[in-house]
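Given chain A, work out where chain B should sit, using these hints.
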Amino acid sequence: MFRFIFDKDTWQEIWGSISKNKIRTVITVIGVLWGIFVYIALSGAAKGMDNGFDKEFKDIAKNSIFLWTQRTSIPYEGFKIGRTFNLKLNDVEELKQKHPQIEFIAPRNVKGVFGDAPPTVVRKDKSGAYSVYGDFPEVDKISKKKIYDGGRFLNDEDIRNERKVVVIGERVEEELFGKDEEAVGQFIRINNIFFQVIGVYKYEGGVGFEDDGSIFMPFSTFRKIYNMGDNVGWFAIAAYDNVDIVALEDQIKQTVKRIHRVHPDDERAVGTFNLGEQFGRIMGFAKGLNLLSLIVGLATIIAGVIAIGNILLISVKERTKELGIRRALGATPKEVRSQILLESVFLTIVAGIIGIILGALVLMGINASLPEDGGFPYTNPTVPIPFVIGALLIMVVLGTLIGLIPAQRAVSIKPIDALREE
Amino acid sequence: MIEIKNLHKSYKMGSNSLHVLKGINFSVQEGELVAIMGSSGSGKSTLLNILGMLDNYDEGEYTLDGVLIKDLGETKAANYRNKFLGFIFQSFNLINYKSAWENVALPLYYQRVGRKDRKTKAEKYLASVGLKEWSDHLPSELSGGQKQRVAIARAMAAEPKVLLADEPTGALDSKTSHEVMDLIQKINDEGKTILVVTHEEDIAHMCKRIVHLKDGVIVRDEVVEQVRVSSYV
Numbered sequence: 001m002f003r004f005i006f007d008k009d010t011w012q013e014i015w016g017s018i019s020k021n022k023i024r025t026v027i028t029v030i031g032v033l034w035g036i037f038v039y040i041a042l043s044g045a046a047k048g049m050d051n052g053f054d055k056e057f058k059d060i061a062k063n064s065i066f067l068w069t070q071r072t073s074i075p076y077e078g079f080k081i082g083r084t085f086n087l088k089l090n091d092v093e094e095l096k097q098k099h100p101q102i103e104f105i106a107p108r109n110v111k112g113v114f115g116d117a118p119p120t121v122v123r124k125d126k127s128g129a130y131s132v133y134g135d136f137p138e139v140d141k142i143s144k145k146k147i148y149d150g151g152r153f154l155n156d157e158d159i160r161n162e163r164k165v166v167v168i169g170e171r172v173e174e175e176l177f178g179k180d181e182e183a184v185g186q187f188i189r190i191n192n193i194f195f196q197v198i199g200v201y202k203y204e205g206g207v208g209f210e211d212d213g214s215i216f217m218p219f220s221t222f223r224k225i226y227n228m229g230d231n232v233g234w235f236a237i238a239a240y241d242n243v244d245i246v247a248l249e250d251q252i253k254q255t256v257k258r259i260h261r262v263h264p265d266d267e268r269a270v271g272t273f274n275l276g277e278q279f280g281r282i283m284g285f286a287k288g289l290n291l292l293s294l295i296v297g298l299a300t301i302i303a304g305v306i307a308i309g310n311i312l313l314i315s316v317k318e319r320t321k322e323l324g325i326r327r328a329l330g331a332t333p334k335e336v337r338s339q340i341l342l343e344s345v346f347l348t349i350v351a352g353i354i355g356i357i358l359g360a361l362v363l364m365g366i367n368a369s370l371p372e373d374g375g376f377p378y379t380n381p382t383v384p385i386p387f388v389i390g391a392l393l394i395m396v397v398l399g400t401l402i403g404l405i406p407a408q409r410a411v412s413i414k415p416i417d418a419l420r421e422e
Numbered sequence: 423m424i425e426i427k428n429l430h431k432s433y434k435m436g437s438n439s440l441h442v443l444k445g446i447n448f449s450v451q452e453g454e455l456v457a458i459m460g461s462s463g464s465g466k467s468t469l470l471n472i473l474g475m476l477d478n479y480d481e482g483e484y485t486l487d488g489v490l491i492k493d494l495g496e497t498k499a500a501n502y503r504n505k506f507l508g509f510i511f512q513s514f515n516l517i518n519y520k521s522a523w524e525n526v527a528l529p530l531y532y533q534r535v536g537r538k539d540r541k542t543k544a545e546k547y548l549a550s551v552g553l554k555e556w557s558d559h560l561p562s563e564l565s566g567g568q569k570q571r572v573a574i575a576r577a578m579a580a581e582p583k584v585l586l587a588d589e590p591t592g593a594l595d596s597k598t599s600h601e602v603m604d605l606i607q608k609i610n611d612e613g614k615t616i617l618v619v620t621h622e623e624d625i626a627h628m629c630k631r632i633v634h635l636k637d638g639v640i641v642r643d644e645v646v647e648q649v650r651v652s653s654y655v
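Protein sequences appear in the order of chains A and B.
FYI, the working numbering numbers position 79 of the first sequence as 79, with every residue one higher than the one before it.
FYI, the working numbering numbers position 213 of the second sequence as 635, with every residue one higher than the one before it.
Here chain A stands alone, though its shape is the one from the complex (with noise of 0.2 angstroms):
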């Protein structure tokens, strides 16, 4: 058999029938060609909208939690119902301590989004009111602020030395500063106490009440300014990729009642929001798509391969005669066989190639039509190597397999009958 393989004659003796028999080659060709072609196109697609929504959400840190405060709603321990409450800076050692899958911590403070008026910021002649947040330099690791012009974030030393600072957005940039004037280094006046601006921002979409129109300052420093004492907004929070956020949730705000003396089954007391679950849902569709069109594409590759086995079982049929005559100059069964299904396999590993390079030239034509920044979330569609050498075997086994009945029944008929056949 391996000698059969590697000899010339054979492959001419294959050439010469697949070539010969043109109509029949080409469709068998095509029928594994287009399951192999929409296999890769699929997959390669469904790939290319997880990239996409990867890097979409590469800036946040996708498995974080924000958590605030509202009303109570059981009595408890004296405290009657309908109390607020704050949230503490010293909660964020505790809730560390307790909880050691939290990556990091971030409390923030805002004016200008609640309810309440957005500060009036000026500069010179201009002015306008932008919400303005007090915050860590860890919020930046939640959510990334992409810096321009040379600038930078809030750093450990602004929040230490309450520095009279400034991260602006680019639109706070485009409203209070002249075209060519650079924003960073001039000063900005905030409630009439005036702020450097170490930093301008662009605004990459994402999650958050965030916008291009927002002004950050060391927590430090909006603590002071707004008499706002150890009161703490909300806690952004993230955890580690692997931990469960959803669990991870529910102990957080068990720890926040607990230290806050609210009923533990206060419902109303704790309010959070968990953008790990809403990405985990969103990444969860990402991921059924391509195991969607893993499915639809190998069922065509096997829809294919059938094709291909039922064409050759009937080509068998047309060729009974020929068969019937090789054996009479005595070809063996065995080299009957093997010709039978050598044309199959053969035939498969052709389709199959050249279906790759089309699915593949399909996927790098849409990626290349594709604008560079387009907001759609679709980059880079690929098919991992390893899928494509799977499909590849996948289609090699399935082709001698479906292979092995025709050729099976090409050596079962005696010759006699097929000489016979007319």
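Bear in mind the hints are in silico, worked out from the structure with no lab data behind them.
Among the clues, some could well be false.
To be verified - In the DSSO-like style, the derived pairs of lysine-lysine whose C-alpha atoms are separated by at most 30 angstroms in a straight line are:
1) A:K414 - A:K334
2) B:K538 - A:K22
3) A:K334 - B:K583
Positioned in the frame of chain A, the structure of chain B alone reads:
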């Protein structure tokens, strides 16, 4: 060359069995040209198929060139066919997508002869049947007589011990029939053993010996005076 003793063969058709050959005894020496005659159903084709190792027999003995041919596996039968026998069929049985020389070269392929040698040999045999110019033509481009000559060249190519011809002129008009028989006679002249199954008297008389078959037994086995085809013209 061929020794047959008490050969029996029956076909099973559902629950009945059809006894086709009922004890055949005959032998063929090297260089003979034997016609097997008989009406349809006499068992002549069955006999030829057994001689050609295309079919098995139930009882008796069949020796070909000193080798007992009995209960061969398909693979062994294929190898013997390739080594010992050349077939000429009524319907030519050429492979229609192969050119004349490729058809002739096919038995050589199964003898593992290299491609170059195959082509040289095939063209030599095509030339010997007078079809040198036609070697690259497909069977569909040839006339019936030419096709049969290609088939004869193919049967010769493997250099077999015995040529078996099953109604070689059955599909041809009398003129081309005679051409084909002329060729067969010439091959026989060179010493090749040939068996021809036919139901035509004049074809049978172009052989050297006629075996008459009726209802599965040999009724007459006679040596005849050969009518040379060339004397017709």
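### Query
Quick one, are A:K414 and A:K334 close enough, alpha carbons at most 30 angstroms?
Since the Cα atoms of A:K414 and A:K334 sit roughly 14 angstroms apart, the hinted pair holds (cutoff 30 angstroms).
### Query
Are the Cα atoms of A:K334 and B:K583 separated by 30 angstroms or less?
Between A:K334 and B:K583 the Cα gap is close to 25 angstroms, so the pair holds against 30 angstroms.
### Query
Is the Cα-Cα distance between B:K538 and A:K22 30 angstroms or less?
Between B:K538 and A:K22 the Cα gap is close to 26 angstroms, so the pair holds against 30 angstroms.
Going through the hint list in order, the structure satisfies each hint without exception.
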